[in-house]
Amino acid sequence: MEFNDSEPLYIQVADFLEREILDGKYPMNTKIPGVRELAATLVINGRTVQNAVNRLVESGLVETRRGLGNFVTSNEKTFEMIRTKKIRAMAETFIKNSLTFVSEDELRRIIAETIASVQKE
Amino acid sequence: MFKVAGLNYARGRRSVLQDINFESDAPEIIGVLGENGVGKTTLMRLIVGAVLPKKGAHITLDGLTGDALKSAVAFIPNLNWVRKRDTISDVLAFYRAGYPDFNQERWTEVNKTLRLNEQDQVSALSKGMLERLIFALTVSRDAKVFMLDEPFSGVDVLTRRKLLQTLIQWVPEDATILMSTHEIAEIEPVVDRVLILKDAHIIVDQTIDDIRDNEHMTLEQYYVQRYVEDNGGIEL
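Chains as they are written, first to last, in this note's numbering: chain A, 41 to 161; chain B, 44 to 279.
This is chain B alone, in the form it adopts within the complex (with noise of 0.2 Å):
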C-alpha cells in the first residue's frame, strides 16, 4: 500500500498545500485534477522528495520510507538537466545505470509505439515528442509508483490516446499511477480514481465509480460542479 499521510506544505506564508491525506492499493490508477497552479506538481515533488515537507508528514510505501521509498518511484518532473548535444541514446544510457530497475525489453515494447528515435538530440526534440520521452523513460522502470505530470500537455489526441494505449499495456500491474492532467473527459475512462485539488486541499478522492453511480455524472460536470460548490455557487 502506498499511503500519504498528514502532507503540508507552504512556500513563504502561502500555504500550497494542506492536510494532504490518501493511500492506494495497487494496481491503481489515480488522475489528479484542480485548475493551474493548485498544487498538482507540487504534491509530486513532495513525494519524491525533491522539495520537502512541513514536519510530520508520513509517506510510505508497504513499510518502505525515504531513500527506499523514493528509489520504487519513477518521476521526471523535467529534462532541463539534459545537456545541448545529447541525443536520446545518451539520456537512456544514463538513465539506465542511474536505475537498476530500467526494464530495456518494456523500453523497446513501448517504443515500437511511441518511436522515438535515438539518435535525435534531446534539445532539437519538439514539445510532443519531449513528452513522449519523458512518458517513456518513466513507464521503462519496475517502480511501485508511477508519477505522470500532465503528459499531455501539447501533446495531439492520437499522441494522448497512444500514451494512455501504453500506460493500459505496458505499466506493471502490481503499481500505483498518479497522474496529473486537464484532459478529464479523455481520462475518466482510464483512471480508477480522482482526486480534485483545490486552494490546498484535496476536495474529491472517489472512484469513478462511485462518482457514475452516485451522482449520476461524467467527471468532467462532476469536476465543474464541485468547483462552483465549492466557490460558494458562484461560477468561475
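One chain only, chain A, in its complex shape (with noise of 0.2 Å):
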C-alpha cells in the first residue's frame, strides 16, 4: 500500500483495512487475517497494525472473538452505518474541495455527467 506524507500510519492503515472490507474482500461476520499475517503482507510494524485494527475494532466494523481472532462485525445496522458514513465523508472532502473553484450548478452538472459516462463502461 502507498502512503501519504502527512497522517499516521496507523491511520492509513486502518482506512485501508476498512476499505478492503467495504469492498467486500471480507465479509460480514468472516475472519480477517492475524496482525502477523497482515503486517507481512502488507510489509508494515506489526505493532501499526495491531494499532490500525484496535481502531477497526473501536468504531465497531471489527470485533475481537476471544480465541478466535478479529472477525468483520455480523451486525448489519453497524457495517451500513460505517459504509455510509465513509461514503459521506469522501463526498464531503470531494465537494468542499470542487466548491473552492467550481458554482454549486457546475459540480452538479459534472456529477451527473461523470456518473453516465463511468456507468457507460
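No lab work stands behind these hints, which were simulated from the structure alone.
Hints may be right or wrong, so weigh each one.
Selected chain B positions facing chain A (Cβ under 7 Å, derived; list incomplete) [stated by the list, open to error]: (1) Ile-211; (2) Val-233; (3) Asn-257; (4) His-259.
From the three backbone atoms N, C-alpha and C, an ideal C-beta is built for every residue, glycine too.
The two chains are supplied separately, each in an independent frame; assemble them into the complex guided by the hints.
Take a look at the structure:
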C-alpha cells in the first residue's frame, strides 16, 4: 500500500483495511487475517497494524472474538452505518475542495455527466 | 531491556562514535540511519565485541553483559571467513555447530521465501544472493538482538520486499532488531523507531509515530531536514 505524507501510518492502514472490508474482500462475519500475517503481507510494522485493527475494533467494524481472532462485524446496522459514514466523508471532502473553484450548479452537472459516462464503461 | 550507555570509540585521533546512548524494550525494530562512513557498522561491531570501545561503556541485555550478552546477539558482518569451495550447506553446518540457538525450522521457513540453493558455492553467489544468505543465517537464530548491516545493498526491489516480509513474519517477537540502511522511504513503515547518526553522535532518536505526529513529515523529509539543520542550514 502507498502512504501519504502527513497522516500517522496506523490511521492510513486502518483506512486501507476499512476500504478492503467495505469492498467485500472480507465479508461480514468472516475472519480477517491475524496481525502478523497482515503485517507481513502489507510489509508494515506489526505494532502499526495492531493499532490500525484496534481503531477498527473501536469503530465497531471489527470484533475481537476471544481465542478466535478478529472478525468483520455481523451487525448489519453497524456495517451499514460505517459504510454510509465513509461515503459521506469522501463526498464531503470532494465537494468542499471542488466548491473552491466551481459553482454548485456546475458541480451538479459535472457529477451527473461523470456518473453517466462511468456507467457506460 | 537492551541498553547501550556511554559508548565512545576513536580511530587514532579521530572520534568515530561519541557518547552513544540508547535503550530498547523488545519487541522493537530500530532503523540506524546516517551518511556513509558515519559509524553505523562500527556501532554494530562494538555491540558484538568485534572492536573494543573506550573505557566506561556499558552494554547490557536483560542484565547480561560480556560473553553472555554477545551470545544473545545475532550479527554477521561478512562471510569473508568462508573457504572458496564451501557450499551454503557447509556454511550452514558450521553455523549450526557454532550457535546452539540456531533454529532449523525458521531457516526452512525463511528459505521457502528466499530460495537459497544449499548446494551452491558461496564464493560464486551474486551480491544479492550473498545478502540473502547473510540475512537468512542471521534471523535463523533464537537471539534477543538481531543486527542487520545494510541488508539491502545490491538487492533488487522485490527481494528487498521479501527480506522485509521475512523480518516481520519470522523474527522472534521478544527481540530487538537493529537495521542500518539507506533505503529510508522503504523501511519507514517497517521500523518502530530510528537512530540518526551524524558526526559521531546520535542526532535523532525518535519513533516514526512521533515524527509523523509532531513534525508532520515523512521519515525521509525529516532525515534531510535534520541533516541540513545540523549543518547550520547549509544544503549538503
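Hint B:Val-233 vs chain A: min CB-CB distance below 7 Å? Holds. Min distance 5 Å.
Interface restraint verdict for B:His-259 against chain A (beta-carbon cut-off 7 Å): holds, 5 Å
For the hint on B:Ile-211, does the least C-beta distance to chain A fall short of 7 Å? holds, 5 Å
Given B:Asn-257 was flagged as interface, is its beta-carbon under 7 Å from a beta-carbon of chain A? Violated. Min distance 11 Å.
Of the numbered hints listed earlier, the single one contradicted by the structure is hint 3.
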